[in-house]
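Colleague: What follows is the residue order along each chain.
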Amino acid sequence: MGIISKLPVFTENLPGGGLVTTSLNQILTMTQAKSLWYLLFGTACCAIELMATGASRYDFDRLGMIFRASPRQSDLMIVAGTVTYKMAPIVKRLYDQMAEPRYVLAMGGCAIGGGPFYYDSYSVLRGIDKIIPVDVYVPGCPPRPEALLQGCLEVGKKLRTQKLEDWSGPKNESR
Amino acid sequence: MNPAELTAYITSNFSGQLETVENDQAEPYFIVPLSDLVPFSKFIHDDPQLELNYLMNMAGVDTGEQFEVVLNPCSLVNMQRLFFKVVLDRGDPKFDTVSNLWAAANWYEREIWELYGFEITGHPNLKRFLLPDDWDDGFPLRKGWVGKNVIPLPEK
Amino acid sequence: MTQDLHTEKMVINMGPHHPSTHGVCRLILTLDGENVVECEPVIGYLHRSIEKICENRTYAQCIPLMDRFEYVTSMSCNWVFALATEKLTDLEIPERAEYLRVIMTELNRIASHLLCIGVTGLDLGALTPFLYTFRERELILDLFEMTCGQRLTYNYIRIGGVSQDIPDEFIPKCREFLDIFDEKVDDYEKVLTENPIWMARNKGIGVISKQQVYDFAISGPSARASGVDFDIRRDDPYSVYDRFDYTIPVFEGGDSYDRYRARVQEMRESAKIIGQALDQLPGGDIRAKVRAMFKPKAGEVYSRIENSRGEMGIYLLSDGGKKPVRVRARGASYNHLLIIPEIIKGLKIADLVAIFASLDVILPEIDR
Chain A
1 MGIISKLPVF TENLPGGGLV TTSLNQILTM TQAKSLWYLL FGTACCAIEL MATGASRYDF
61 DRLGMIFRAS PRQSDLMIVA GTVTYKMAPI VKRLYDQMAE PRYVLAMGGC AIGGGPFYYD
121 SYSVLRGIDK IIPVDVYVPG CPPRPEALLQ GCLEVGKKLR TQKLEDWSGP KNESR
Chain B
1001 MNPAELTAYI TSNFSGQLET VENDQAEPYF IVPLSDLVPF SKFIHDDPQL ELNYLMNMAG
1061 VDTGEQFEVV LNPCSLVNMQ RLFFKVVLDR GDPKFDTVSN LWAAANWYER EIWELYGFEI
1121 TGHPNLKRFL LPDDWDDGFP LRKGWVGKNV IPLPEK
Chain C
2001 MTQDLHTEKM VINMGPHHPS THGVCRLILT LDGENVVECE PVIGYLHRSI EKICENRTYA
2061 QCIPLMDRFE YVTSMSCNWV FALATEKLTD LEIPERAEYL RVIMTELNRI ASHLLCIGVT
2121 GLDLGALTPF LYTFRERELI LDLFEMTCGQ RLTYNYIRIG GVSQDIPDEF IPKCREFLDI
2181 FDEKVDDYEK VLTENPIWMA RNKGIGVISK QQVYDFAISG PSARASGVDF DIRRDDPYSV
2241 YDRFDYTIPV FEGGDSYDRY RARVQEMRES AKIIGQALDQ LPGGDIRAKV RAMFKPKAGE
2301 VYSRIENSRG EMGIYLLSDG GKKPVRVRAR GASYNHLLII PEIIKGLKIA DLVAIFASLD
2361 VILPEIDR
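Residue numbers (my numbering), protein chains in the order written: chain A, 1 to 175; chain B, 1001 to 1156; chain C, 2001 to 2368.
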């Protein structure tokens, strides 16, 4: 009863069991926040730190985060690394393939705003927020695994504010 | 062979005109006439004393005044290195492929064709591969090129 | 009956977003059933125009860009650029700096091979080696972090020396790592080398002949697995590599399995070099005096070093000014990806993943 008593639920104890009533939104949000599957989308240096975060020492799995190679199964897209103009349509397409509600985390200077390639480069997209909406920015070149973990927890916080409507149609433009 | 002997060997055994450039690096340095690029490459590639059959690097260069192509072959048998270049015609930059001698030159040349716009005669597969497929903004590595997407570094 | 079965050739697209292409590489595959008939790599998804940016930066500012040129072994990239620049100057590099460069680069080589072996396991369906190798890789990253404050892009080796001296606790920590490392390599070998699935997936797959090594300019462990006894550290020596006693592992098979074994042996040899370098480490300065407005002589140079993947080179053209006129960075993966269409013909699509991983192709040094 420890977990249940902390949630906004109505519990009715009956002999031989019990009855729990809660909102669908609550249960969906809770399950998604506890198993935030992310799309493995590494392009450059940050991808190596993303791998390190998933490996032995930092262990993403303890947050219920497991990488998926397919956008259709993932809730969170971690864009780790430089995105070029040649790559940009593919990022957009992958984002479109993800199911609602979806979240995007921009990892590292390049994904946020071009990073060291901002000036003089003819092929680097200066920030992925020019093509897809970004929820959380994690700065660094590349960010440390701890910073990435913190960023993912921030996504979890944001996720708890979502509404049931977010599961069905396209999101509000003003997000 | 040490660099001096290597230079002497090549200049005495190759029939074409070679210009030797003095420098303090460990390898001999030649400027080869454009028409002799393929014969010279074939000579150093096949000669049993040289066997420079490993192309380390090949680069297009725009010095601001002239277009050049630099080749750095070496030999894994007798560990010799060579540095040679050809100077292209600025108005009509064009050279013959060496990719049938060194297979590695295939992509090096493709890159030079794409980023410098030098014409390469006889190359088997000239297709865009570094820039986006719909690129129409000229040849980015040429000097003085300003692209649509470039934000220049501000002066202090 | 089977002769009447007619199969159409099929063209499928692999990548650029595919977990086993180690970056963003797209392969257009023509398949006959599961056999690969043709494979055409499409690159450029990570083309960040580093060469063009370098032309607008001073020499010192180019070094952080070189970190991003090949981020798995950033130390080597720093070094090869510094080496090319130093050839155009008459700087005397202090001995201590040379030793520190060797120690850091060899540590980085081990870290890179650990990543390669772990990821190869992951691609072929073995999760355990990935967790094992990353455990030790973190120990190496700790050493880098205590020296220069970064885990991946170091900007440590500068023109004329290194950026800062190692802290006091570096040497004991490093020795601690070397003491346990040999045992750990035995562990990986226990999991992988004699593993029947590993052998079935790797033996006889993707054989590169000696002639192909020459033609396609294959280098590093991939060339040594094909019986070409060539290592730039020994055959075109730079720095203080002639003062160490180490062997260069050469195998004859030329297949994915031998490339894997060459990498494992190389890690052990690198550990030996680091041990000797720590023993011989002299005191003194860590950096030659370099003027703030650094200008090398006019001239051009191609310098190369032995990276964990193979030959890494920089062609540098200087006109005596404060910015380079032309920088061309040459990475070993460039040639390794070029040969994949040649050696994949007739093999299964699953073998492509094994070959890709065993050649240790990573895309940043191809696209630049």
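These are calculated hints, taken from the structure and not from any lab test. For every residue, glycine included, the Cβ atom is placed at its ideal position computed from N, Cα and C. Check the hints yourself; a few may be wrong.
[Said to hold, decoys possible] According to the in silico footprint, chain B covers these stretches of chain C (three or more CB under 8 Å from chain B):
no., stretch
1, 2008-2019
2, 2029-2037
3, 2048-2056
4, 2250-2260
5, 2299-2308
6, 2347-2355
[Unchecked claim] The list that follows gives simulated cross-link-like pairs (lysine-lysine, PhoX-like), each with its CA atoms no further than 25 Å apart:
no., chain 1, residue 1, chain 2, residue 2
7, C, Lys2297, B, Lys1085
8, B, Lys1042, C, Lys2210
9, C, Lys2052, B, Lys1127
10, B, Lys1156, C, Lys2295
[Said to hold, decoys possible] Some chain C residues judged to face chain B by a derived CB distance under 7 Å, without partners named:
no., residue
11, Ile2043
12, Gly2044
13, Gly2125
14, Arg2268
15, Tyr2315
Colleague: All hints are to be evaluated individually against the structure, with a verdict given for each.
Modeller: Comparing the hints with the structure gives:
1. Only when three residues or more bring their CB closer than 8 Å to a CB of chain B does the claim for the stretch 2008-2019 of chain C stand; here the count is 0, and the claim is violated.
2. For the stretch 2029-2037 of chain C, the proposed coverage by chain B is not satisfied: 0 residues have a C-beta within less than 8 Å of a C-beta in that chain, short of the threshold of three.
3. Check result for the stretch 2048-2056 of chain C against chain B: holds, 4 residues qualifying (beta carbon to beta carbon below 8 Å, three or more required).
4. Residue count for the stretch 2250-2260 of chain C with a Cβ under 8 Å from a Cβ of chain B: 0. That is fewer than the three needed, and the coverage hint is violated.
5. A count of 5 residues in the stretch 2299-2308 of chain C with a Cβ less than 8 Å from any Cβ of chain B is obtained; the coverage claim is therefore met, three being the minimum.
6. Residues of the stretch 2347-2355 of chain C with a Cβ under 8 Å from some Cβ of chain B number 0, which does not satisfy the need for three, so the listed coverage is violated.
7. Between Lys2297/C and Lys1085/B the alpha-carbon distance is near 20 Å, which keeps this suggested pair within the 25 Å criterion.
8. For the hint pairing Lys1042/B with Lys2210/C, the CA-to-CA distance comes to about 20 Å; that is within 25 Å, so the pair holds.
9. Restraint check for Lys2052/C and Lys1127/B: the C-alpha separation of about 21 Å stays at or below 25 Å, so the hint holds.
10. Of the pairs offered as hints, the one joining Lys1156/B and Lys2295/C holds, with about 19 Å between alpha carbons and a cut-off of 25 Å not exceeded.
11. Annotation: Ile2043/C was flagged as interfacial toward chain B, and the flag holds, the nearest CB pair being 5 Å apart, inside 7 Å.
12. Look at Gly2044/C: its Cβ gets to within about 4 Å of chain B, closer than 7 Å, so that hint holds up.
13. Because the beta carbon of Gly2125/C sits about 31 Å from the nearest beta carbon in chain B, more than 7 Å, this interface hint is broken.
14. Among the interface hints, the one on Arg2268/C is violated; its C-beta lies about 24 Å from the nearest C-beta in chain B, farther than the 7 Å criterion.
15. Annotation: interface hint on Tyr2315/C holds; nearest CB of chain B at approximately 5 Å, less than 7 Å.
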